[in-house]
Amino acid sequence: MELKRSDRLIIGLWAVILILLVRLFAIQIVDDSYKRDANNNSMVYHTIYPPRGIVYDRNGEVLVGNRICYDILVTPREVSAFDTLALAKALDLDTLWIREQMAYYKKYRSRIGWQTLQFAKQVSVEKYMKFAERAYDFPGFRGQVRTVRDYPFNAGGNLLGYVSEVNDREIEKEPDIYKSGDYIGKTGLEAAREKDLRGEKGYHVYLRDSRNKVQAAYKNGEFDKEAVPGKNIVTTIDAHLQQYGQELMHGKKGSLIALEPSTGEILAMVSSPGIDVDVLSNMGAHYAALAKDPGRPMFNRTVQASYPPGSVFKLVNGLIGLQEGVLEPWYQYPCNRGYYYTKTRKLGCHGHRSPLRLEEAVMMSCNAYFCYVLKNLLENNKYESVSDAFDKWREYVLSFGFGQKLGSDFPSELGGNIPTSKLYDKRYGRRRWRTSNVISLSIGQGEIGATPLQIANLAAIMANRGYYYIPHIVKDSEGLEIDAKYKERHYTMVDTSHFAKVIPGMWMAVNGGPGAGGTAGMACVPGLDICGKTGTAQNPHGADNSVFICFAPRENPRIAVVGYIENAGWGGSWACPLASLLIEKYLLGETTRPELEKRMMETVFNVAGN
Amino acid sequence: MLQGTDRGLRSTVDWALILIYLVLVFIGWLNVYASIHTPDMGSPLDFSLRSGKQFVWILTAFVLALTILFAINPRMWEVLATPGYLIVLVLLVAVIFLGSEHKGSHSWFSVGPISFQPAEISKITTSLLLAGVMSRQGFSLGRWKDFWQVAAVLGLPMLIILAENETGSALVYVGMLFVLYREGLPGIFLGLLGLAIFIFILTLKTSVWVSLIVLGVIALLYLWYLLKQTRPLSRERRFSMRMLLLGTVVFAGLVFSTDFAFNKVLQDHQRLRIEVLLGMKDDPSGVGYNVRQSMIAIGSGGFFGKGFTNGTQNTGGFVPEQSTDFIFCTVGEEWGFFGCLIVLVLYGLLITRIVHDAEQSREPFTRIYGYCVASCLFMHLFINIGMTIGLMPVIGIPLPFLSYGGSSLWAFTLLLFIFIALNRQEKKYF
Numbered sequence: 009m010e011l012k013r014s015d016r017l018i019i020g021l022w023a024v025i026l027i028l029l030v031r032l033f034a035i036q037i038v039d040d041s042y043k044r045d046a047n048n049n050s051m052v053y054h055t056i057y058p059p060r061g062i063v064y065d066r067n068g069e070v071l072v073g074n075r076i077c078y079d080i081l082v083t084p085r086e087v088s089a090f091d092t093l094a095l096a097k098a099l100d101l102d103t104l105w106i107r108e109q110m111a112y113y114k115k116y117r118s119r120i121g122w123q124t125l126q127f128a129k130q131v132s133v134e135k136y137m138k139f140a141e142r143a144y145d146f147p148g149f150r151g152q153v154r155t156v157r158d159y160p161f162n163a164g165g166n167l168l169g170y171v172s173e174v175n176d177r178e179i180e181k182e183p184d185i186y187k188s189g190d191y192i193g194k195t196g197l198e199a200a201r202e203k204d205l206r207g208e209k210g211y212h213v214y215l216r217d218s219r220n221k222v223q224a225a226y227k228n229g230e231f232d233k234e235a236v237p238g239k240n241i242v243t244t245i246d247a248h249l250q251q252y253g254q255e256l257m258h259g260k261k262g263s264l265i266a267l268e269p270s271t272g273e274i275l276a277m278v279s280s281p282g283i284d285v286d287v288l289s290n291m292g293a294h295y296a297a298l299a300k301d302p303g304r305p306m307f308n309r310t311v312q313a314s315y316p317p318g319s320v321f322k323l324v325n326g327l328i329g330l331q332e333g334v335l336e337p338w339y340q341y342p343c344n345r346g347y348y349y350t351k352t353r354k355l356g357c358h359g360h361r362s363p364l365r366l367e368e369a370v371m372m373s374c375n376a377y378f379c380y381v382l383k384n385l386l387e388n389n390k391y392e393s394v395s396d397a398f399d400k401w402r403e404y405v406l407s408f409g410f411g412q413k414l415g416s417d418f419p420s421e422l423g424g425n426i427p428t429s430k431l432y433d434k435r436y437g438r439r440r441w442r443t444s445n446v447i448s449l450s451i452g453q454g455e456i457g458a459t460p461l462q463i464a465n466l467a468a469i470m471a472n473r474g475y476y477y478i479p480h481i482v483k484d485s486e487g488l489e490i491d492a493k494y495k496e497r498h499y500t501m502v503d504t505s506h507f508a509k510v511i512p513g514m515w516m517a518v519n520g521g522p523g524a525g526g527t528a529g530m531a532c533v534p535g536l537d538i539c540g541k542t543g544t545a546q547n548p549h550g551a552d553n554s555v556f557i558c559f560a561p562r563e564n565p566r567i568a569v570v571g572y573i574e575n576a577g578w579g580g581s582w583a584c585p586l587a588s589l590l591i592e593k594y595l596l597g598e599t600t601r602p603e604l605e606k607r608m609m610e611t612v613f614n615v616a617g618n
Numbered sequence: 023m024l025q026g027t028d029r030g031l032r033s034t035v036d037w038a039l040i041l042i043y044l045v046l047v048f049i050g051w052l053n054v055y056a057s058i059h060t061p062d063m064g065s066p067l068d069f070s071l072r073s074g075k076q077f078v079w080i081l082t083a084f085v086l087a088l089t090i091l092f093a094i095n096p097r098m099w100e101v102l103a104t105p106g107y108l109i110v111l112v113l114l115v116a117v118i119f120l121g122s123e124h125k126g127s128h129s130w131f132s133v134g135p136i137s138f139q140p141a142e143i144s145k146i147t148t149s150l151l152l153a154g155v156m157s158r159q160g161f162s163l164g165r166w167k168d169f170w171q172v173a174a175v176l177g178l179p180m181l182i183i184l185a186e187n188e189t190g191s192a193l194v195y196v197g198m199l200f201v202l203y204r205e206g207l208p209g210i211f212l213g214l215l216g217l218a219i220f221i222f223i224l225t226l227k228t229s230v231w232v233s234l235i236v237l238g239v240i241a242l243l244y245l246w247y248l249l250k251q252t253r254p255l256s257r258e259r260r261f262s263m264r265m266l267l268l269g270t271v272v273f274a275g276l277v278f279s280t281d282f283a284f285n286k287v288l289q290d291h292q293r294l295r296i297e298v299l300l301g302m303k304d305d306p307s308g309v310g311y312n313v314r315q316s317m318i319a320i321g322s323g324g325f326f327g328k329g330f331t332n333g334t335q336n337t338g339g340f341v342p343e344q345s346t347d348f349i350f351c352t353v354g355e356e357w358g359f360f361g362c363l364i365v366l367v368l369y370g371l372l373i374t375r376i377v378h379d380a381e382q383s384r385e386p387f388t389r390i391y392g393y394c395v396a397s398c399l400f401m402h403l404f405i406n407i408g409m410t411i412g413l414m415p416v417i418g419i420p421l422p423f424l425s426y427g428g429s430s431l432w433a434f435t436l437l438l439f440i441f442i443a444l445n446r447q448e449k450k451y452f
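Line by line, the protein sequences give chains A and P. Numbering of the first sequence is given in the numbering used here, commencing with residue 9 and proceeding in unit increments. Numbering of the second sequence is given in the numbering used here, commencing with residue 23 and proceeding in unit increments.
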């Protein structure tokens, strides 16, 4: 049937309407990109910055708090003529700089449109108040609340780390979380606990028009998101003890660490020279100077430096000897100012009476005694070769937390170094080396490296008589549980019963009284029952390092301390009194030896030289 | 009332047309209000606002409609066709020299606060005269004299309007081809027009050579068809062969002149609009911006839209001309696909109903005028909505009854109600 022309035209009309509808269906319902573009067009998000989590010490003192400050924002389009001088005065800015800024805004006014830009950063509350009083004089300018870090105690600069603006690399890594201008923890606890501390940003959604002018809250704020404040963190640090430790270490280079042996909690951890907290809050201004400082104040040597532990390591060798059955407490070895490990070569010792038993050897830190112990350990018929015995010895040492990362909550922790038999096989040839080749290991020298934290952990092991908890700095608190590994006991391979055979030596070293030959008499505080072991570690760069580990009281110890002072000489003279002062402070609240305290605090080594 | 009424209002006036008209005008007013809506604006009837003004335009348009229906003898329109046409032609020319500049075209007369566009009225006068000419006793499009007469009636205003730089209004006259088709113009003319547009776009998008090959294939197909359908040596075949040859040559000429026409005849902004539409050029901040923003507004509407006055794109000023030429964006954004569907169906019903009434008419004048009205509305509808959704280049013409503006609302009211009055008169007397 032939269609009438009028009908054809009507069919054509509806065909065109159908085409229009299909197209509308495609862009309105099928394609989502227009909805996205519409949101980009018309919505503007004003960020609400959450306050960062607060860091507390173990007793509820605030270590890191937040201080309110203001960023001054400007919407150039809304700025009308104002008194440049008055603004400069209110915000403490340079008049010329303000004029330059305004000229810049004017030049790029079409590109800027109704956008709001940052004008000044981190204006203090006092300054902001001055500005706010006269805000009506400066239309187009407004303040935005930000928080910056605030440090009530000058304690733990190196542990806490600092916060500053994210860089491009960090934004690239987590583009959903960080935007330009956000803050991020860069080092220390701030970096390690960034995820907990940062909180979640919120935003207000506003509608804007095509010229970027904000018109109203979008749907009465229905889609706004409140900022979620960062989680607070309770640390194991004792703020007062930490501060005291820093005062003691003033002018010295090295580490001072205090642990609670029964939990592995770090009570104080001083790396010196370190960073003062007032530097932390404004790292940008100090960074260049710090990076150039030869004393390397940003370097946290408590976990990032590896030293020979020195004589404190004799404890480990003694304990292994007891466990292996090659040593008994009553064994006596002679010492004639040293130990001849070949016909002509001698490992020297200081003058003391001879022969000594185990306890006395510990107390007087006899080198020769522990050379015999190591010789008996390695040249043991139980093992097929020195090499096999050595591997066994290494296994023991590792069980004390040496030679590998302890797994503390410091991400930059080093593992130290305990050599393997392979190293000597390579150096001397397979089966071609003997105790004499590795004799330095007996006294904690040679190819052995440990971080001060590992040495502190040894002190805790001695205090606990055979086990340790991984040292850590964050405590369980509400909403923030720490890893279960920090709550596990880690036993060494030495039976706990053997520890009691060594500890009297440590007690005697401190409390033996004058003339008895104890190396750590300077640590003696009546009534505290401090047990300790000195060490003097050779340092290829200048004078020996002074080392001391101790714990107190002898029964149910509450604190274990290591002092590791670089280039300070003999262990008994510096590390020993420093560590004992720290114990005194912790257990008694203040020192009974103000003279000593004063001398320790005031002595300044040349810490810059290296 | 007029004399000789033996049938009442109820049965003589096409109420369906009036109802659709009222609904569209009301939808238009709602959307004009929504398109300028801000949270702190005053009453929608405030005369300083576009919605207030549009309200006044609507009321006056109603007065106009009632006057046409009841106070003017519909015979008048036939009588007035020739003088009206001539007066408007004079105005069209005069406005080029006397009119005020309005977005790059000299097409507006401004008298105090009121400005109007002769081009809007010329649609009506041209339609009336066309109806007059074509309804004459013995008129036949096949006769050269009659054909040229029709060409002159349509061509004159179209050319003057083109000279005014009102491309959109001029394009509307192309729609009159549908009227001619209804009155006997061979369908091949519509086909050839479509082919010309296709070849033009193909040449721009690809190259002269691709177009020539396509053209050749079409010509060969047609030749094959001729050889199968016609007897050898018949007059019909010889005539068709000649026409085919002529057509091929003309189209080849078109292909070769496309480049010239596009680059030399079209003005820069027109060329740019076509280039953007065809995706040959990206111009997100200029012409492309308008289309892009318009599509974002409509596309973000979803199925049911964001709700009355809740649009963000229109009120935010992202869409250009959001209450006049781009009023459909507000419909699309706030009422969604559903709203668009209703508006389009209303237009479809309106035009269908006009065509239906025209076909029912016993007087050729009414029928031809009715087709003119339908074609006019269709062209506006297609060009305007096509433009907002990126199917047509940006051509500034209003959406009938919906766009803000007194001049256009009055013109369309006049256009439609003259037809309703003509239609009613017939029913009254026959």
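No lab work stands behind these hints: they were computed from the structure. Treat the hints loosely; a few may be bogus.
One side of the interface only, derived from the structure: several residues of chain P facing chain A at Cβ under 10 Å [stated by the list, open to error]:
#	residue
1	Glu205
2	Leu267
3	Val271
4	Ile373
Calculated cross-link-like contacts (lysine to aspartate or glutamate; reagent style DMTMM-like; alpha-carbon spacing at most 20 Å) [as the list claims (entries may be wrong)]:
#	chain 1	residue 1	chain 2	residue 2
5	A	Lys483	A	Glu496
6	A	Lys354	A	Glu336
7	P	Lys328	A	Asp217
8	A	Lys300	A	Asp286
9	A	Lys227	A	Asp204
10	A	Lys233	A	Glu255
11	A	Lys12	P	Asp36
12	A	Lys97	A	Glu141
13	P	Lys328	A	Asp190
14	A	Lys383	A	Glu332
15	P	Lys328	A	Glu230
16	A	Lys129	A	Glu182
17	P	Lys328	A	Asp39
18	A	Lys239	A	Asp491
19	A	Lys509	A	Glu336
20	A	Lys203	A	Glu173
21	P	Lys449	P	Asp36
22	A	Lys239	A	Asp45
23	A	Lys383	A	Asp399
24	P	Lys328	A	Asp40
25	A	Lys97	A	Asp145
26	A	Lys12	P	Glu205
27	P	Lys328	A	Asp45
28	A	Lys430	A	Asp396
29	A	Lys129	A	Asp79
30	A	Lys181	P	Glu258
31	A	Lys354	A	Glu367
Idealized CB from N, CA, C, for every residue including glycine.
Here's how the hints hold up against the structure:
Checking Glu205 (chain P) against chain A by beta carbon gives a least distance of about 9 Å; that is within 10 Å, so the hint holds. Because the beta carbon of Leu267 (chain P) sits about 29 Å from the nearest beta carbon in chain A, more than 10 Å, this interface hint is broken. A least Cβ separation of about 29 Å between Val271 (chain P) and chain A goes past the 10 Å threshold, and the interface hint is therefore violated. This hint holds: Ile373 (chain P) has a C-beta 6 Å from the nearest C-beta of chain A, less than the 10 Å allowed.
A distance of roughly 14 Å separates the Cα atoms of Lys483 (chain A) and Glu496 (chain A); the hinted pair therefore holds under the 20 Å criterion. About 25 Å separates the Cα atoms of Lys354 (chain A) and Glu336 (chain A), which puts this hinted pair outside 20 Å; it is violated. The straight-line distance between the Cα atoms of Lys328 (chain P) and Asp217 (chain A) is roughly 17 Å, inside the 20 Å bound, and the hint therefore holds. Proposed proximity of Lys300 (chain A) and Asp286 (chain A) is supported: the alpha carbons are some 18 Å apart, at most 20 Å.
Between Lys227 (chain A) and Asp204 (chain A), the direct Cα distance comes to roughly 32 Å. Violation of the 20 Å bound is thereby established for this hinted pair. In summary, the hint linking Lys233 (chain A) to Glu255 (chain A) is not supported, as the alpha carbons are separated by about 45 Å, beyond the 20 Å threshold. Note on Lys12 (chain A) and Asp36 (chain P): the hinted pairing is violated, with a Cα-Cα distance of about 23 Å set against a maximum of 20 Å. Distance hint between Lys97 (chain A) and Glu141 (chain A) is fulfilled; the C-alpha atoms sit about 13 Å from each other, no more than 20 Å.
Proximity of Lys328 (chain P) to Asp190 (chain A) is assessed by CA-CA distance (about 34 Å); at most 20 Å being required, the pair is judged violated. For the proposed pair Lys383 (chain A) and Glu332 (chain A), the alpha carbon gap of about 12 Å is at most 20 Å, so the pair holds. At roughly 15 Å between alpha-carbon atoms, Lys328 (chain P) and Glu230 (chain A) fall within 20 Å of each other, so this suggested pair holds. Simply put, Lys129 (chain A) and Glu182 (chain A) have alpha-carbon atoms about 24 Å apart, too far for the 20 Å limit, and the pair is violated.
Our distance criterion of 20 Å between C-alpha atoms is met by Lys328 (chain P) and Asp39 (chain A), whose separation comes to about 16 Å. A hinted pair counts as satisfied when its Cα atoms are at most 20 Å apart, and Lys239 (chain A) with Asp491 (chain A) qualifies at roughly 16 Å. Restraint check: the Cα-Cα separation between Lys509 (chain A) and Glu336 (chain A) comes to about 9 Å, which is no more than 20 Å; the hinted pair holds. Of the supplied pair hints, the one linking Lys203 (chain A) and Glu173 (chain A) holds, its CA atoms being roughly 16 Å apart against a limit of 20 Å.
Between Lys449 (chain P) and Asp36 (chain P) the CA atoms are separated by roughly 10 Å; this keeps the pair inside 20 Å, and the hint holds. For the suggested pair Lys239 (chain A) and Asp45 (chain A), the alpha carbons sit about 35 Å apart, so the restraint of at most 20 Å is broken. Between Lys383 (chain A) and Asp399 (chain A), the direct Cα distance comes to roughly 14 Å. Compliance with the 20 Å bound is thereby established for this hinted pair. For the given pair, Lys328 (chain P) sits about 15 Å from Asp40 (chain A) by alpha-carbon distance, which is consistent with the 20 Å threshold.
Restraint check for Lys97 (chain A) and Asp145 (chain A): the C-alpha separation of about 13 Å stays at or below 20 Å, so the hint holds. Distance restraint check for Lys12 (chain A) and Glu205 (chain P): the Cα-Cα separation of roughly 12 Å lies within the 20 Å cut-off, and the hinted pair is therefore satisfied. Using a Cα cut-off of 20 Å, the hinted pair Lys328 (chain P) and Asp45 (chain A) holds, with the two alpha carbons roughly 15 Å apart. Proximity of Lys430 (chain A) to Asp396 (chain A) is assessed by CA-CA distance (about 11 Å); at most 20 Å being required, the pair is judged to hold.
Proposed proximity of Lys129 (chain A) and Asp79 (chain A) is supported: the alpha carbons are some 5 Å apart, at most 20 Å. Our distance criterion of 20 Å between C-alpha atoms is broken by Lys181 (chain A) and Glu258 (chain P), whose separation comes to about 78 Å. Taking the CA atoms of Lys354 (chain A) and Glu367 (chain A), the gap is about 23 Å. The hint is violated against a cut of 20 Å.
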